[in-house]
Structures are given as C-alpha cells and as structure tokens.
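All chains should be modelled from the sequences, with the hints used to inform the complete structure.
Chains as they are written, first to last, in my numbering: chain A, 641 to 772; chain B, 641 to 772; chain C, 641 to 772; chain D, 641 to 772.
Source of the hints: derived by calculation from the structure; they are not laboratory data.
Here the structure is a predicted model, which is why all the values come from computation and not from measurement.
A few of these clues could be false.
As the list makes no split between identical chains, a pair holds if one copy fits it or if it spans any two.
Once the Cα atoms are required to be at most 30 Å apart in a straight line, the calculated DSSO-like pairs of lysine-lysine come out as [to be verified]:
no.: 1; residue 1: Lys703; residue 2: Lys764
no.: 2; residue 1: Lys721; residue 2: Lys756
no.: 3; residue 1: Lys756; residue 2: Lys703
no.: 4; residue 1: Lys758; residue 2: Lys649
There are 4 protein chains.
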Amino acid sequence: MISFDHRIKVYYRDVDQMGIVYNTRYLEYFEESRTELLKSIGLSVTKIEEAGIRLPVVTSYCKYYNGANFEQELIVNSTIKTIPKAKLIVDYKINCADNLSLLVDGYTEHAFVNSKNKPLKAPKLILEKLNL
Amino acid sequence: MISFDHRIKVYYRDVDQMGIVYNTRYLEYFEESRTELLKSIGLSVTKIEEAGIRLPVVTSYCKYYNGANFEQELIVNSTIKTIPKAKLIVDYKINCADNLSLLVDGYTEHAFVNSKNKPLKAPKLILEKLNL
Amino acid sequence: MISFDHRIKVYYRDVDQMGIVYNTRYLEYFEESRTELLKSIGLSVTKIEEAGIRLPVVTSYCKYYNGANFEQELIVNSTIKTIPKAKLIVDYKINCADNLSLLVDGYTEHAFVNSKNKPLKAPKLILEKLNL
Amino acid sequence: MISFDHRIKVYYRDVDQMGIVYNTRYLEYFEESRTELLKSIGLSVTKIEEAGIRLPVVTSYCKYYNGANFEQELIVNSTIKTIPKAKLIVDYKINCADNLSLLVDGYTEHAFVNSKNKPLKAPKLILEKLNL
Numbered sequence: 641m642i643s644f645d646h647r648i649k650v651y652y653r654d655v656d657q658m659g660i661v662y663n664t665r666y667l668e669y670f671e672e673s674r675t676e677l678l679k680s681i682g683l684s685v686t687k688i689e690e691a692g693i694r695l696p697v698v699t700s701y702c703k704y705y706n707g708a709n710f711e712q713e714l715i716v717n718s719t720i721k722t723i724p725k726a727k728l729i730v731d732y733k734i735n736c737a738d739n740l741s742l743l744v745d746g747y748t749e750h751a752f753v754n755s756k757n758k759p760l761k762a763p764k765l766i767l768e769k770l771n772l
Numbered sequence: 641m642i643s644f645d646h647r648i649k650v651y652y653r654d655v656d657q658m659g660i661v662y663n664t665r666y667l668e669y670f671e672e673s674r675t676e677l678l679k680s681i682g683l684s685v686t687k688i689e690e691a692g693i694r695l696p697v698v699t700s701y702c703k704y705y706n707g708a709n710f711e712q713e714l715i716v717n718s719t720i721k722t723i724p725k726a727k728l729i730v731d732y733k734i735n736c737a738d739n740l741s742l743l744v745d746g747y748t749e750h751a752f753v754n755s756k757n758k759p760l761k762a763p764k765l766i767l768e769k770l771n772l
Numbered sequence: 641m642i643s644f645d646h647r648i649k650v651y652y653r654d655v656d657q658m659g660i661v662y663n664t665r666y667l668e669y670f671e672e673s674r675t676e677l678l679k680s681i682g683l684s685v686t687k688i689e690e691a692g693i694r695l696p697v698v699t700s701y702c703k704y705y706n707g708a709n710f711e712q713e714l715i716v717n718s719t720i721k722t723i724p725k726a727k728l729i730v731d732y733k734i735n736c737a738d739n740l741s742l743l744v745d746g747y748t749e750h751a752f753v754n755s756k757n758k759p760l761k762a763p764k765l766i767l768e769k770l771n772l
Numbered sequence: 641m642i643s644f645d646h647r648i649k650v651y652y653r654d655v656d657q658m659g660i661v662y663n664t665r666y667l668e669y670f671e672e673s674r675t676e677l678l679k680s681i682g683l684s685v686t687k688i689e690e691a692g693i694r695l696p697v698v699t700s701y702c703k704y705y706n707g708a709n710f711e712q713e714l715i716v717n718s719t720i721k722t723i724p725k726a727k728l729i730v731d732y733k734i735n736c737a738d739n740l741s742l743l744v745d746g747y748t749e750h751a752f753v754n755s756k757n758k759p760l761k762a763p764k765l766i767l768e769k770l771n772l
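Below, the structure is given as structure tokens:
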C-alpha cells in the first residue's frame, strides 16, 4: 500500500452560494493529491506522459459527508492499494486539518492508454515504482 | 419517470492537455442539465432555495467511455426515475449530438436540507411536481 | 465592425459565497462568446488550430459593475472593431437578458503564434473572413 | 508597501489543450495569493466578511508573457502599494519558481461594500493593518 497526505486550502473560487466547496472541486483536490502521491514515489505525471503513457480517469466516485468552508485547511489522503493490471485505482479521503473530521471520500479509476488512446497494460515504468 | 435532454457545447476552458474535456467538467454539465430538468417541470432551483430548501450533492458517480473535444456539441440527458424519500437521485447520460455515441454516464444523489444543514424529508414543493 | 450576441445562463458552479458569479467566470463567458463570434463569420477555432495557428490571450481586462446571479440569463456581446496586424482585439459587454442592464465589460488581446509559439502576422485565413 | 510571495503548483485541471495554463486560472492564482497576503498581515478574508465587509473585484487586468506548464512551480507575488480610500488595489507578478522568468503580471481593484452591496469607505479594520 502506498499512501500520501497532501495539504490544501480552500479559496473563494471553489466555494458556492451555500458557503461550501462546490461538489466537483473535491475531485480536483483528488487530482492534486494523486499527482503528489505519484511524485512521492518518483513518478512525475509529466514524465509518464513524455514516455507516451496517459492515465485518463475512467470512473470517479465521491461521497460527501460535510462541506468544507472558505479558508479551511484540508488533508487530502490518496492511497494505492493494489498492483494495477489494466487499471490504476486510487482511493481518497479528505479530512479537516483541524479536527480531522471526514468530509469526503471516494476513488478514481484510470486506464493506461497511448497517445492514440489505445489501451495498454500497466506499464513497467509505473509498476517498478509501486512496491506494494 | 422524468427525463430531459439539454444541449451544451464544449469550450476551451474545459479541455485539458490530452485534448479532451477534463474529468470534473462533465459533473458540471450534469448540474447544468439537472437544473434544466427541474425547470422543465416548474421547479426553479432558485425558488427551491428561497423556500429554505437546499439540495447538496451527497454522492456522485461518473463513468467515462470516450472524451469530448473542443467545440463538440453534446446532449446531456438527465432522468429522475424514483419518487424521492430522503434523497433525490438523478441519472445522466452524455452523448455526442452528432453521432449519438455515449461518452459519459453517471448519477448524483442529493439530500434535502434546511439552511442550517438539517436533513429534511422530501419536501411537498418538490414531490407535487414529480408526477412519476 | 463584426459583432455577435451570445446568450448564456448562470449555473451553480460559477456562483460564489457572495451569491454572485465569481470574477474569473466572466472571462470564461468572454471565451465562449468569442468562439461563437468567430464561428458566425465562418471561423472555427478548431480549424484555425488545425491550420497550425493559435490565438493565446496576451492581455485581459474586465470591469465589473454588477454581479450576475444563479439562473440569470445573460447576453454576452463580443465585437471586433479593427483589422488585426500583430494582435486580435475583442471587446465584450455582458448585459442581463432581462432588463439589459450592463454587468461587465472588457476586452482581450490575442497574439497569433504557430505551434512552436513563434509570433505570426495576422494570418490570411483570418483576415479574409474579417470584412470590417 | 506590503508584499507577499506565495508558491503554487500547476495541476492538470488548469492546463488547456495548448499545454499551458488557461488564461483565467492565473486570476484564480491572484486570488489565492491575495488571500495569503492579507493573512500575512493578520487580515483573514473570512473575518473581514464576518465583520459585514465584502471585497468584490471591480477591475481585473492581466498581461500574459509566457504560459506556465503542468507541474511547474510558480511564485505568485502580490503587493499593496497605496492606502485604500474607496478601493483596494493589489498588484501581482507570477514568476517561474525555477528560473524566476516573468510569466504574467496584472492587478485587481476591489470595492468595499456591506452585505447589501452598498459602498463603504475603506474600513478601519483593514486600514489599521496596512502600515504602508
């Protein structure tokens, strides 16, 4: 299992007229955290793409327990639990940095495709960094 | 069953460096379509909120089959199949306007809460418009 | 002078906790209107890019008089007044569709560059459609 | 003069199909940096709003010299040079964290209004923190 805690802060651009983060922005926080998780094990998404591999999202799931507010600090945890075959699965939990209460959780599934959008098996480049 | 087809167009702001719509924007298209579905049965979200009722997203799920491109026209279908009790469930399908191929589908679940975020039963205001 | 009125509607995703459209979204509405202005004279931005020409924004200016609200319909007017040499200048006005009151105005300037980001003179492809 | 350097990183959500940050996202980076500038002198925007004061953007201006890329780190400098009377003016510069080359600069002007959108003079709450 590989896991990473990434700290973010909520800004005005992400908060809707209910005074809470708009539902899709948490999925943007997922992306930010996932990028940092991969970087933490030596996998820059830029370098993955330069090697001709793309990781488009094929499924996203998100459960919203409580809304985050403007200027709140959040910990976005992302975790890879299984060695990917055809798909990479990343799980997320977003907690208040303050009191650690759970706000949101969910997951994304990613295919491996080449630049012509043809499916690939899990590339060696990625597998060799995932010592699960 | 209540169903609505809403036509949208992809602009530059929504397209990422893979040349396809960024994954979270489809969920924004879901919101746009849902707002128009509700309006089509006489339910303005603004009036629902003025009546003290909010419909926060509590679950979102999205499956991505193919990416939409810049300047492509899409049909975002939203459907309500069941009479809500504690939650409103809306299903979505996004197809190319052109060749009708399926790009994305998914659903959102919405709670009913008052302005203090207390859960409500499905409000009469909404139920009486949902002649399913 | 070439001018185009494009109608848009404000959705939840664009409204902040002041209950008005977040300042940068109007610039996204500018883009949407500009794309439709160009299309109205037979210039698809997709085709411009396929011809190896890009139109990055090099200056943006926006003045905000009044905030637009959720579910409000807006008319986004965009206008090209001058034949471009090194830059294309587009002016915008955003008015309420309802009472025609002015909410926002501004402009964007665009360079012409090739795919390697080298500046170009105003391309023939564009000039021949701009019968100002 | 009050000045603050805020470091941010470019994620996939902000990059368009030219492979550079979409023009409006820099203005979101401006907001993020401005929020941190104010916090650095003891002015939380949340607390300003709780005191009944809002700071809507009334003008934005942005000049784009070079595009930022995915996973690039940026320094977003924001500066307040003058004591505000009717308006707060904030200047910005966005540089590569790496080689310090200038990518974008610009400014925003903010009105002071109460919760009913009535203009206010520069509030004491803000002036007393701005020891320019």
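Okay, the hints, checked on the actual structure:
no.: 1; hint: Lys703 / Lys764; verdict: between (32 Å within a copy, 26 Å between copies)
no.: 2; hint: Lys721 / Lys756; verdict: within (28 Å within a copy, 38 Å between copies)
no.: 3; hint: Lys756 / Lys703; verdict: between (33 Å within a copy, 20 Å between copies)
no.: 4; hint: Lys758 / Lys649; verdict: between (37 Å within a copy, 26 Å between copies)
Checked against the numbered hints given earlier, this structure breaks none of them.
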